Amino acid sequence: MPLLKTTAITLKSRKWGEADRIVTFYTLRFGKLRGVARGARRMKSRFGSALEPFVSCDLNLFEKPNDTLHRVSQADIKETFPALREDLVLMAGAARMANLVIAITADGDPAPRIFETLLRGLRSLNEGHDPGLTTLLFQIKLLGLTGFRPQTDHCAACGQDMQVQGEGTAGRFSAQAGGLVCDACTRRRSERYLFLAPGSLAFLQQALRMTPEVLNRLKAGGQVRSELETAIEAYVTVVAGKRLPPVDFLAAEAGEPAYELKR
Amino acid sequence: MGVDQQGLLAQLIRELVRLPGIGQKTAQRLAFHVLKTEREEALRLADAIRAVKDGLSFCRQCRNIAEEELCEFCRDPKRDHSKILVVEEPSTLYAIERTGIYRGLYHVLLGSLSPLDGVGPADIKVHELEDRLKDGGIQEVILATNPTIEGEATAIYLTKLIKPYGATVSRIAYGIPVGMDIEYADEVTLIKSLEGRRDL
Chain A
126 MPLLKTTAIT
136 LKSRKWGEAD
146 RIVTFYTLRF
156 GKLRGVARGA
166 RRMKSRFGSA
176 LEPFVSCDLN
186 LFEKPNDTLH
196 RVSQADIKET
206 FPALREDLVL
216 MAGAARMANL
226 VIAITADGDP
236 APRIFETLLR
246 GLRSLNEGHD
256 PGLTTLLFQI
266 KLLGLTGFRP
276 QTDHCAACGQ
286 DMQVQGEGTA
296 GRFSAQAGGL
306 VCDACTRRRS
316 ERYLFLAPGS
326 LAFLQQALRM
336 TPEVLNRLKA
346 GGQVRSELET
356 AIEAYVTVVA
366 GKRLPPVDFL
376 AAEAGEPAYE
386 LKR
Chain B
13 MGVDQQGLLA
23 QLIRELVRLP
33 GIGQKTAQRL
43 AFHVLKTERE
53 EALRLADAIR
63 AVKDGLSFCR
73 QCRNIAEEEL
83 CEFCRDPKRD
93 HSKILVVEEP
103 STLYAIERTG
113 IYRGLYHVLL
123 GSLSPLDGVG
133 PADIKVHELE
143 DRLKDGGIQE
153 VILATNPTIE
163 GEATAIYLTK
173 LIKPYGATVS
183 RIAYGIPVGM
193 DIEYADEVTL
203 IKSLEGRRDL
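Chains as they are written, first to last, in the numbering used here: chain A, 126 to 388; chain B, 13 to 212.
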């Protein structure tokens, strides 16, 4: 059983068995990994709060042969983001980033830039940047770092260069096609398009180009933000293959009851 | 050699495997144990499962598991009916009850808010708590949600919900467990224990 050592960000943690947890990490050296932390829910667990979501830690794991579930042997906190535990809006923004990384990355496929971007995103939320905008920007950036970069230079359906449509023009965004679509494809295809004003389009292109370190310099409000939030939400749903838990989880509709009793 | 996949024994094993923490081998061992035990003893288990599903429901007031319309705590006139202690699960309620120091009422949320899983207030028994506050007479609400991200989210939400009703809201303290060496505590726990320090 080889020992893996890496820095990690805890994405999700769920109860398992009597006192254990199954934890999903995004690690710097090995990408997304899942591990079982024995006894993590016990009072005197050696893991403490290191396995709580949105905590960065130095992680030791034992790789189990023929099993994607590793065994967590040690986790020492490296960086915490206390504000994310004290504000529901910040918490929801961080949860969306974590859920997106879970949805768009493969197990054991290292991508240090995704790790750095996620870490930067959590820091930005913790530092008090506009949570809605930060969540939007880092979702765009995370999509851009994977194979799911929203296409803005070429038609996402036929590949035609979108520059010929002219600078400063509005665009039609197709979540199904994965980006902007040209006039000809808009007429040919039957799917629903989202209208992006020139300002929204320029903002999206800028967000994809900028490095995570300076992403928070971008500011947007009103129409730009609303159009891009709708477009990115639709695109994330297509990419993930399901609706991710909503950012506005407080308004979520009731799901299945936890207990199946007669009354 | 595996057990016949179609037979009655295999059916019992399949049902046992569905229980949390029970794997194929354990299920097989339990199934053979059931076969070896006396008929009455084995059927007592089946009857107990049936009785739980048929005879238990939720307390009309606190949503704890109850055999009657109200649970034993809500029915007890000796308890302090001006205090409510909020827990996520009935199992937490019984853990607190074992301490013997709390003599007020409870409210069981039957879950917790989770931004990661999209669990919102509509999924847990928040509105039932609000109804109790609207009825009046509640002076103090103690939040005993878990010190996890879900428990924190629930506590933050409930605090905002409860305060307009004029009741005092407090959260159970958290920090260093009794019997532990401080040097082994992690940063988050130490921060919380310093924030929650009390005058002596």
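Hints listed in this document are in silico derivations from the structure and should not be mistaken for laboratory results.
Just so you know, not all the hints are guaranteed correct.
Distance condition first, Cα-Cα at most 27 Å in a straight line; then the derived DSS-like pairs of lysine-lysine [claimed, not checked]:
| id | chain 1 | residue 1 | chain 2 | residue 2 |
| --- | --- | --- | --- | --- |
| 1 | A | Lys189 | A | Lys130 |
| 2 | B | Lys137 | A | Lys140 |
| 3 | B | Lys204 | A | Lys169 |
| 4 | A | Lys140 | A | Lys367 |
| 5 | A | Lys130 | A | Lys203 |
| 6 | B | Lys204 | A | Lys203 |
| 7 | B | Lys137 | B | Lys175 |
| 8 | A | Lys140 | A | Lys203 |
| 9 | B | Lys175 | B | Lys146 |
| 10 | B | Lys37 | B | Lys90 |
| 11 | B | Lys95 | B | Lys146 |
| 12 | A | Lys140 | B | Lys90 |
| 13 | A | Lys169 | A | Lys130 |
| 14 | A | Lys140 | B | Lys37 |
| 15 | A | Lys140 | B | Lys204 |
| 16 | B | Lys65 | B | Lys137 |
| 17 | B | Lys137 | A | Lys189 |
| 18 | A | Lys203 | A | Lys189 |
| 19 | B | Lys175 | B | Lys204 |
| 20 | A | Lys140 | A | Lys169 |
The model shown is predicted, which means the values in this text are computed figures rather than measured ones.
Going through the hints against the structure:
1. A distance of roughly 14 Å separates the Cα atoms of A:Lys189 and A:Lys130; the hinted pair therefore holds under the 27 Å criterion.
2. Of the pairs offered as hints, the one joining B:Lys137 and A:Lys140 holds, with about 21 Å between alpha carbons and a cut-off of 27 Å not exceeded.
3. The straight-line distance between the Cα atoms of B:Lys204 and A:Lys169 is roughly 16 Å, inside the 27 Å bound, and the hint therefore holds.
4. This hinted pair checks out: A:Lys140 and A:Lys367 have alpha carbons roughly 23 Å apart, not beyond 27 Å.
5. For a cut-off of 27 Å, the pair hint linking A:Lys130 to A:Lys203 stands: about 14 Å separates their Cα positions.
6. As the CA atoms of B:Lys204 and A:Lys203 are separated by approximately 17 Å, the hinted pair is consistent with the 27 Å bound.
7. Taking the CA atoms of B:Lys137 and B:Lys175, the gap is near 17 Å; set against the 27 Å cutoff, the hint holds.
8. Under the criterion of a C-alpha separation no larger than 27 Å, the hint pairing A:Lys140 with A:Lys203 is consistent with the structure, at around 23 Å.
9. Proposed proximity of B:Lys175 and B:Lys146 is supported: the alpha carbons are some 12 Å apart, at most 27 Å.
10. Only pairs whose Cα atoms come within 27 Å are accepted, and B:Lys37 paired with B:Lys90 is rejected, the gap being roughly 49 Å.
11. As the CA atoms of B:Lys95 and B:Lys146 are separated by approximately 14 Å, the hinted pair is consistent with the 27 Å bound.
12. For the proposed pair A:Lys140 and B:Lys90, the alpha carbon gap of about 36 Å is over 27 Å, so the pair is violated.
13. Under the criterion of a C-alpha separation no larger than 27 Å, the hint pairing A:Lys169 with A:Lys130 is consistent with the structure, at around 23 Å.
14. At most 27 Å may separate the alpha-carbon atoms for a hinted pair to count; A:Lys140 and B:Lys37 meet this at roughly 22 Å.
15. Restraint check for A:Lys140 and B:Lys204: the C-alpha separation of about 22 Å stays at or below 27 Å, so the hint holds.
16. Of the supplied pair hints, the one linking B:Lys65 and B:Lys137 holds, its CA atoms being roughly 20 Å apart against a limit of 27 Å.
17. For the proposed pair B:Lys137 and A:Lys189, the alpha carbon gap of about 41 Å is over 27 Å, so the pair is violated.
18. For a cut-off of 27 Å, the pair hint linking A:Lys203 to A:Lys189 stands: about 25 Å separates their Cα positions.
19. The straight-line distance between the Cα atoms of B:Lys175 and B:Lys204 is roughly 22 Å, inside the 27 Å bound, and the hint therefore holds.
20. Between A:Lys140 and A:Lys169 the CA atoms are separated by roughly 16 Å; this keeps the pair inside 27 Å, and the hint holds.
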